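Engineer: In case you want the letters, here they are:
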Amino acid sequence: MAVQLEFVKKPKVVLAFIDSLIMVKRSSQHIIRNTDQLLGTFFQPIMFLVLFAAVFGGAVAAALPQGVSYLNFLMAGIIVQTVSFGSTTTAIAVCNDLQKGIVDRFRSLPMANLAVLNGHVISDLFRNSISTVVMLLAGLVIGFRSNATLMEWLAIAGIILLFTLAFSWLSAIVGVLAKSVEGVQWLTFIIIFPLTFASSAFVPTASMTPVLKAFAENQPITHVVEAVRSLMLGTPSGGHITMSIIWCVAILIVAVPVASWLFRRKTSH
Amino acid sequence: MPKKDYVIQVKNLTKSYGENNVLKGIDLNVERGTMLALLGPNGAGKTTTVRILSTLLKFDGGSVMVEGYDVAKDADKVRSVIGLTGQSAAVDELLTGRENLVMMGRLYRLTKRSAIARANELLEEFDLLDAADRPAKTYSGGMRRRLDLAVSLIATPPVIFLDEPTTGLDPRSRIAMWDIIKKLMANGTTILLTTQYLEEADQLADQIIVIDGGKVIAEGTAKELKGKVGKDRLELAFANEKALAAAQKALGAGVVSVDEKEHSVTIAINDTNEDVKSALDTLSKQKIELIAMAVHKPTLDDVFLSLTGKQKKGDK
Ligand SMILES: Nc1ncnc2c1ncn2[C@@H]1O[C@H](COP(=O)(O)OP(=O)(O)OP(=O)(O)O)[C@@H](O)[C@H]1O
Ligand SMILES: [Mg+2]
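Residue numbers (my numbering), protein chains in the order written: chain A, 990 to 1258; chain B, 129 to 444.
None of these hints come from the bench; they were simulated from the model.
Any given hint could turn out to be false.
To be verified - Cβ-Cβ distance ranges computed for the label pairs, FRET-style:
hint	chain 1	residue 1	chain 2	residue 2	range
1	B	Glu388	A	Arg1253	35 to 45 Å
2	A	Arg1022	B	Thr295	25 to 35 Å
3	A	Ala1005	B	Lys425	28 to 38 Å
4	B	Thr295	A	Lys998	33 to 43 Å
5	B	Lys351	A	Gly1172	45 to 55 Å
6	B	Thr266	A	Val1130	37 to 47 Å
7	A	Phe1178	B	Trp306	41 to 51 Å
8	B	Asp202	A	Gly1228	22 to 32 Å
As the list claims (entries may be wrong) - Quick list of in silico lysine-lysine cross-link-like pairs, DSS-like style, CA-CA up to 30 Å:
hint	chain 1	residue 1	chain 2	residue 2
9	B	Lys186	A	Lys998
10	A	Lys1255	B	Lys139
11	A	Lys999	B	Lys201
12	B	Lys186	A	Lys1089
13	B	Lys370	B	Lys405
14	A	Lys1001	A	Lys1014
15	B	Lys405	A	Lys1089
16	B	Lys152	A	Lys1255
17	A	Lys1168	B	Lys186
18	B	Lys265	A	Lys1168
19	B	Lys240	A	Lys1001
20	A	Lys998	B	Lys205
21	B	Lys370	B	Lys311
22	B	Lys201	A	Lys1089
23	B	Lys343	B	Lys310
24	B	Lys343	B	Lys201
The model shown is predicted, which means the values in this text are computed figures rather than measured ones.
Beta carbons are placed, not taken as given, at the ideal position from N, Cα and C, and that holds for glycine.
Using the sequences and the hints given, assemble the complete structure.
Structural biologist: Dropping the structure here:
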């Protein structure tokens, strides 16, 4: 054999970190190769933004605070909705890997197996960031305006990234548990759809029935939407920023170990 | 005599899925630099054995050592010395052949430079250079299998598991795959291969173990097994039942199987010239009229018939 092979000799933790980076690269390559998904990344958010603004704009205007346009109100909601649905790609990717023989291949290698999950979750973060930027640009084109300072924009970015991370790990759990990719689609639909619509993402909660209102005002998506919205509109956040962070961190504390444990269990029969 | 250097040592391996005892005490040893073929029909337990030996599956009883490491306790150590080519290709469909190789090489802890250089070498060796930068999902079955094997060789592990590497390949791809495997053996790699084809085991392996229903039913070199099975098969067809019955009687103990519907008998032969001649002599002496004859290699059916005296169970 002609090629002299050299091996990386590093402590185990460093190697596990490198494995994760390799898997992030892989998942990101998937995103680029998967042209159907790319369409979702770019066009679906724009379509939602334009449609919602046009359809609900007139009807909801009256319920909005003085001087706030529906588009400015909607922006935070539509971003959070898009990244919520976007995080379900983690579930699909995890499920796909488990259905195919590729996980067996990874398991027969001396690699850190959880790197597979890390790869999907982190690349999902990239993808959702792109979606968000695309939406903001489209919003600017059709009249979205914000007075947020650079610090406030950084805070917005931080909250959205934290939220995406939390939901992607939740999504990883679904991906491990589901028996097929169709199953994943149904499960995420049933979970994400009510969460995003029974929230303040598209309409203020004030007009909802008491039960719905109670639910909407205390679930994580409303907190995240309100946090981002207050930062965008320069209104008082009323504790929503703190609640968003608490929710997301709490989800991560539960979801990361649960997803890892389930993944290990599923792959070591 | 020096002690034998066994790279793979399996003692009394058992595994069951619920009530289904899939492996009922398998023993096998593979010496350094040799190939062992596990020969068996569908459902014999070949894949189960390979998955256990390559750390993918837990087992119930017995012991499994690979390169001196206990598979049950030192899975990570085992993984750094083995390469696995499973029964279904395990490559990333969206990545190109080259990307697959480099990625797996890096996961085997190769440096980036080594992984890229080795990937190139393998692509060339496996005749995949032209397709190297196309996504693997555009590969044909044969190309995918070659890529899959190349991936498991990326870090040149000293031990390779090949689970039915040629099933589903056309004759030309099969021979190409055999050549690749022979080259591996020439480099001193220790190989455990599973197959449903006696001919494949015969072509490649130093040692053959025949398993059925989770048990070893025969073992030896290809030559030893063929001694029991016969080298070739001679099939003789007759016009009607009467001629068939007469032929059966005339040929006596040599008959290994009878097909009543086709009015044909099959006998095992070791020397084509001599044995065919003597069979034909016997028939003509008794004036039994022959309508067709054919010589073929013994199939897995024939092996089972000879070794166990029963037809192998139908395909699942
Ligand atoms: N996950 C599983 N759960 C239950 N039974 C299983 C499982 N995997 C395999 N088996 C059973 O174990 C037996 C042996 O299967 P195995 O895959 O090892 O056979 P094989 O020799 O590789 O066959 P083939 O030639 O078809 O690949 C079969 O009866 C099969 O049904
Ligand atoms: Mg099999």
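Engineer: If a hint holds in the structure, say so; if it does not, say that too.
Structural biologist: So, going through the hints one by one against the coordinates:
1. Glu388/B to Arg1253/A: 35 to 45 Å: 56 Å, violated
2. Arg1022/A to Thr295/B: 25 to 35 Å: Given range 25 to 35 Å: holds, Cβ gap about 29 Å.
3. Ala1005/A to Lys425/B: 28 to 38 Å: Violated, since Ala1005/A and Lys425/B (Cβ atoms, about 50 Å apart) do not stay within the stated range.
4. Thr295/B to Lys998/A: 33 to 43 Å: 39 Å, holds
5. Lys351/B to Gly1172/A: 45 to 55 Å: 53 Å, holds
6. Thr266/B to Val1130/A: 37 to 47 Å: Cβ of Thr266/B to Cβ of Val1130/A: about 38 Å, so the range 37 to 47 Å holds.
7. Phe1178/A to Trp306/B: 41 to 51 Å: 49 Å, holds
8. Asp202/B to Gly1228/A: 22 to 32 Å: Since Asp202/B and Gly1228/A have Cβ atoms about 53 Å apart, the given range 22 to 32 Å is violated.
9. Lys186/B to Lys998/A: 29 Å, holds
10. Lys1255/A to Lys139/B: 27 Å, holds
11. Lys999/A to Lys201/B: Roughly 22 Å between the alpha carbons, so the hint for Lys999/A and Lys201/B holds.
12. Lys186/B to Lys1089/A: 20 Å, holds
13. Lys370/B to Lys405/B: 22 Å, holds
14. Lys1001/A to Lys1014/A: With Cα atoms ~20 Å apart, Lys1001/A and Lys1014/A stay inside 30 Å; holds.
15. Lys405/B to Lys1089/A: 54 Å, violated
16. Lys152/B to Lys1255/A: 25 Å, holds
17. Lys1168/A to Lys186/B: 22 Å, holds
18. Lys265/B to Lys1168/A: 23 Å, holds
19. Lys240/B to Lys1001/A: 18 Å, holds
20. Lys998/A to Lys205/B: 14 Å, holds
21. Lys370/B to Lys311/B: 53 Å, violated
22. Lys201/B to Lys1089/A: Measuring from Cα to Cα gives roughly 27 Å; hence the hint holds.
23. Lys343/B to Lys310/B: Measuring from Cα to Cα gives roughly 28 Å; hence the hint holds.
24. Lys343/B to Lys201/B: Roughly 25 Å between the alpha carbons, so the hint for Lys343/B and Lys201/B holds.
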